[in-house]
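The whole structure should be built from the sequences, with the hints applied where relevant.
Using the working numbering, the first residue of the sequence shown is number 19, and each one after it goes up by one.
Keep in mind that the hints are not guaranteed to be accurate.
[Claimed, not checked] For each label pair, taking beta carbons as the anchor points, the in silico distance ranges come out as:
#  : residue 1 : residue 2 : range
1  : Thr218    : Gln265    : 34 to 40 Å
2  : Pro319    : Gly180    : 57 to 63 Å
3  : Ala181    : Leu306    : 56 to 62 Å
4  : Leu240    : Ala45     : 51 to 57 Å
5  : Leu306    : Asn207    : 49 to 55 Å
6  : Ser165    : Asn312    : 27 to 33 Å
7  : Asn207    : Ser165    : 29 to 35 Å
8  : Asn189    : Glu246    : 19 to 25 Å
9  : Gly180    : Thr276    : 22 to 28 Å
10 : Arg254    : Asn189    : 40 to 46 Å
11 : Arg254    : Pro319    : 46 to 52 Å
12 : Asn206    : Ala181    : 23 to 29 Å
Simulated from the structure, these hints should not be mistaken for laboratory data.
Note that beta-carbon positions come from the ideal geometry of N, C-alpha and C, so glycine has one too.
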Amino acid sequence: MFMNDAQQAQFGFVVNQAYAINAQVYAMKFPDLDFGRLVYVDSSAPEWTPGIITFLSSTVGKAEWFSGGAKDIAKADVTMDKSQVNIQMASVGYSYDIEEVGQAQLLGISLGSLKAEAARRAYTEFMWNITLTGDTTKNLNGLANQSAVTTGNAPADGNEGGAANATTWFNTNGVLTKTPAQIIRDINNVLTGIFTGSLTVEMADTILLPYSTISYLGATPLSDTNSETLLSFILRTNIYTQMTGQQLTIRGVLGLDTAGSGSTKRMIAYANRQDVVKLHLPMPHRFLPVATSNNVQFDIPGIFRTGGVEVLRPGAFRYLDGI
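Below, the structure is given as structure tokens:
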């Protein structure tokens with residue numbers, strides 16, 4: 019690649035500017051799309067690994083009564099299984115043209131960071147969507163659509179418009195279609211179902227709800243005479259908190275209003291631990307060095323590599339549709 023002195027100076031100017039801009043952008047946070055709050059992000063694998071294999075173990079066997087003269091000693095054993103995910107690469111970067119660079123040099127000002135911020139935001143949005151719903155083009159599933167997770171429908175004992183068979187908790191106007199007791203029952207049934215369905219091995223500590231649902235829960239009082247909100251009461255008295263003394267996490271997230279069967283609202287309950295579920299991200303987003311192929315456009319490529327969400331223990335998950 020041939021450059022004259024002016025072009026070489028412009029190239030060096032962009033390199034220095036990009037270094038400062040990228041450092042500034044990486045320090046920024048987008049709290050509304052913080053996918054690391056939803057799932058453990060595992061970046062421990064080598065950046066260029068083609069895939070990740072996880073070995074899963076479980077124990078089998080039980081103790082039996084035994085006589086001193088007998089030979090049939092009960093034995094326990096360990097079973098092994100493995101899970102494999104393929105790592106995919108994606109990209110988003112930004113660029114400046116020669117006119118932008120020349121004018122910045124002439125005026126003695128810095129190049130703007132808005133393009134780098136837009137690239138970083140695009141990466142965060144991409145990973146948020148991968149975390150929640152995956153990507154069918156790469157056969158990736160997210161937290162909301164795992165095929166191995168048990169899915170149930172909310173009981174049809176609510177009342178909407180005089181019809182006594184509603185599964186939903188609220189209508190589109192935020193008016194209760196189930197009683198507070200029924201809503202609390204639905205949530206506790208899911209939490210209890212995970213606990214008993216796993217033979218008391220698993221307990222969910224996190225619930226994800228559609229934004230509209232959690233906003234209604236936070237604005238609806240328990241009764242005409244009790245101003246405590248449904249959300250506050252659920253956080254205080256749910257079965258997980260009662261059994262463990264720990265705070266249940268309830269979050270509102272985008273994308274759950276039509277995630278359930280029949281495009282209904284879906285609730286997700288799960289144990290947010292790395293031995294249960296993780297997001298494989300061996301190469302988080304990075305900006306590469308400045309490059310130019312035609313001397314009039316200066317590109318700052320950005321790349322990242324991910325294998326999406328992997329659920330290692332589906333028994334610690336459960337979906338409730340129709341809420």
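Going through the hints against the structure:
1. Thr218 x Gln265: 34 to 40 Å: violated, 21 Å
2. Pro319 x Gly180: 57 to 63 Å: Hint holds: Cβ distance 60 Å, inside 57 to 63 Å.
3. Ala181 x Leu306: 56 to 62 Å: holds, 58 Å
4. Leu240 x Ala45: 51 to 57 Å: Taking Cβ atoms as reference, Leu240 and Ala45 lie about 43 Å apart, which means the hint is violated.
5. Leu306 x Asn207: 49 to 55 Å: holds, 50 Å
6. Ser165 x Asn312: 27 to 33 Å: Violated - the Cβ-Cβ distance for Ser165 and Asn312, about 47 Å, lies outside 27 to 33 Å.
7. Asn207 x Ser165: 29 to 35 Å: With a Cβ separation near 22 Å, Asn207 and Ser165 fall outside 29 to 35 Å, so the hint is violated.
8. Asn189 x Glu246: 19 to 25 Å: Holds, at about 22 Å.
9. Gly180 x Thr276: 22 to 28 Å: holds, 26 Å
10. Arg254 x Asn189: 40 to 46 Å: Given range 40 to 46 Å: violated, Cβ gap about 26 Å.
11. Arg254 x Pro319: 46 to 52 Å: holds, 50 Å
12. Asn206 x Ala181: 23 to 29 Å: Since Asn206 and Ala181 have Cβ atoms about 25 Å apart, the given range 23 to 29 Å holds.
Hint compliance for this structure: hints 1, 4, 6, 7, 10 are not met, and every other hint is.
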